[in-house]
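Here the protein sequences line up with chains Z and P, keeping their order. Residue numbering for the first sequence follows this note's numbering, beginning at 886 and increasing consecutively. Residue numbering for the second sequence follows this note's numbering, beginning at -12 and increasing consecutively.
These are calculated hints, taken from the structure and not from any lab test. Please note that the accuracy of each hint is not assured.
To be verified - So the derived list for chain P, only partly shown, Cβ under 8 Å to chain Z, looks like this:
#, residue
1, Gly12
2, Leu16
3, Trp46
4, Tyr226
5, Gly228
6, Phe288
Glycine included, every Cβ here is placed at the ideal spot set by N, Cα and C.
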Amino acid sequence: MSKTTQSASREEPAPRWRLCAQARRTMVLSRWIYTGCGALAAVTLCSIAVLIVAQIALRLVGQQIPSADDFAAWALSASIFLALPATLIHGDHIRVTSVRSRIPEPYGRGVDILASLIACAMLVWGSIALFDFVQESYLYNDVSIGLVSVPLWIPQLAMVVGSILFAVAMAERVVRMVLNLPVEITDPNSSATEI
Amino acid sequence: MDSLFQAAILLGVLFLLLGLGVWVGVALLIAGLVVFLLFTSTPVDAIYATTMWAASANWTLTALPLFIWMGEILYRTRLAEDLFSGLAPWLGRLPGGLAHVNVAGCGVFAAVSGSSAATTATIGKISLPELSNRGYDDRLSIGSLAGSGTLGLLIPPSVVMIVYGVAAQVSINRLFIAGVVPGLMLMAMFSSYIIFWSLMNRQAMPPPEARVPLGERLRRMRLLIPVVGLIVCVIGSIYAGIATATEAAALGVLGALMIAALSRSLTLSAFTEALTGATRTSAMIGFILLGAAFLTSAMSFSGLPADLAQIISGSGLSTYGLIAVLTIFFILLGCFLDGISIVVLTTSVVLPSVIAAGIDPIWFGIYLIIVVEMAQITPPLGFNLFVIQGLTGRSIVEITRMVTPFFFLLVLAVVLLTLFPVIATGLVELSY
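When you get a sec, could you build the whole thing from the sequences and use the hints?
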């Protein structure tokens, strides 16, 4: 990988190469952020199981965790949204490739970039809508209506963070495709649940 | 005419985006946005945000990642190997011999994994080489594998069923119960066909397996028995009304971890791999569901489903006619969309009209899942056909020819289900 980019760099003018290197450093960092968020999502998913098993066990002895259903639902929301960017960079989000695979190069690459741009625009708009929504929920101090009343912006924060990072990851995908960098991490061990 | 025009715009936008290779979830979101902006005058960003929150912080949906996780854990044990060696001595002496292992093995593994591609790949990896070593005809072994692989969607706990239940707002417990009889019926149909085929083609069948003593048979089932026990407990607790789908799923994860620990396949790396795999798969499905939820809400604001229902009822099409048209439509969709995408598209665009036409949503869910199963083995683009192509290196045309009888068995199952809806709804009525 690094070999080919180095040979390419020699032919390109210096300022653009510096920009490239800068972008690349940022993108290495951003991959760590997506992976970290994905790990957080995994921990959250694990906590759903723990919470529900604990709830069943406590019910057997006649007790309960207050608002356990709410907490499980919030954890699910956090788990889905926080895992979105990591799922994207691993190429696990479903898309139709049967039409795309028939388009010859270089048009195919153009279609790929267009698809990512469309998705990026949608996600940016969506993230702004979600941000406004949670900001309002914070300003008007919305609280949950269960046994335990929690300010709703706290669980909703994960949704906003996940959505923004997803939009950023999509923008990064566009940049990577324009610069001809690898877009997806493919690991051979993850074929367990291709649906 | 106006609403038909709106529907055409909606489908046009959707298929254009999907064809460009835009992610399914994003395509659904944009389609919803287009419907909101063109056909309603509602403030769309507030609805977008509330839909995203309500659809993701959804207690019913928590069953989904947990069942996926359970499957991921068991997938990393020696279950697939044990399925073959454990089932072979019991089924090897039936007419049709070890081909029945494909059906029974896929049936058990389907209950665990809920994905038909994973079921086909996992069982096929073990059974196809074993069957061809023993001299079984490829038509029988490959055909029965492809057919039975589709059971992954129908036999509960099934991921696609949870997706349908959440998107259509139908009780997941009831769907699981409704899927039991059709799933067993399909297994029986596949096995009967294998028996029939082997009796008609005696010269093509290898000699029957040697008899294996009972003690040895039981010893070979050491991983199979606890896994089947776990599935029976999970489904049984739902059936008996002791547990909700989510609670059953959480206990299923616990049970799967114990089985993995007892069979010494629970290493730290296997645990992390299973958990991250489950997290990403649930995020992928969750995102599609969010897109579907937004499109559903756009559809209900636009009033389009009610108009379409009126057009359907005005067209004089009988219920059977409607089902026939929909079946062809879904099989065509299946040529380029995966099962989950077909299900969410249907629930957000077609289902309201179908319910308005007087069709039971539980029955429709089971019907839809069987039709999606058919789509998985329909050439030229069935997911399971590609999986088998990857396993055997055969051409799609050859595989298609081997699969055809099993495809028609699925068609027969749909016909039976349509003529006798009680196949799906009977057990539900009994238990509620």
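Now for the hints, and whether the structure bears them out:
1. Residue-level restraint check for glycine 12/P holds (minimum Cβ-Cβ distance to chain Z is 7 Å; threshold 8 Å).
2. The beta carbon of leucine 16/P is positioned within 8 Å of a beta carbon in chain Z (closest approach about 6 Å), and the interface hint is therefore held.
3. The interface hint given for tryptophan 46/P is met, as the beta carbon of that residue sits about 4 Å from the closest beta carbon of chain Z, less than 8 Å.
4. For the restraint placing tyrosine 226/P at the interface with chain Z, the shortest Cβ-Cβ distance is roughly 17 Å, beyond the 8 Å limit, so the hint is violated.
5. For glycine 228/P, the interface hint is violated, since its Cβ never comes within 8 Å of a Cβ in chain Z; the closest pair sits about 15 Å apart.
6. With a cut of 8 Å, the hint placing phenylalanine 288/P at the interface with chain Z is violated, because the nearest CB-to-CB distance is about 16 Å.
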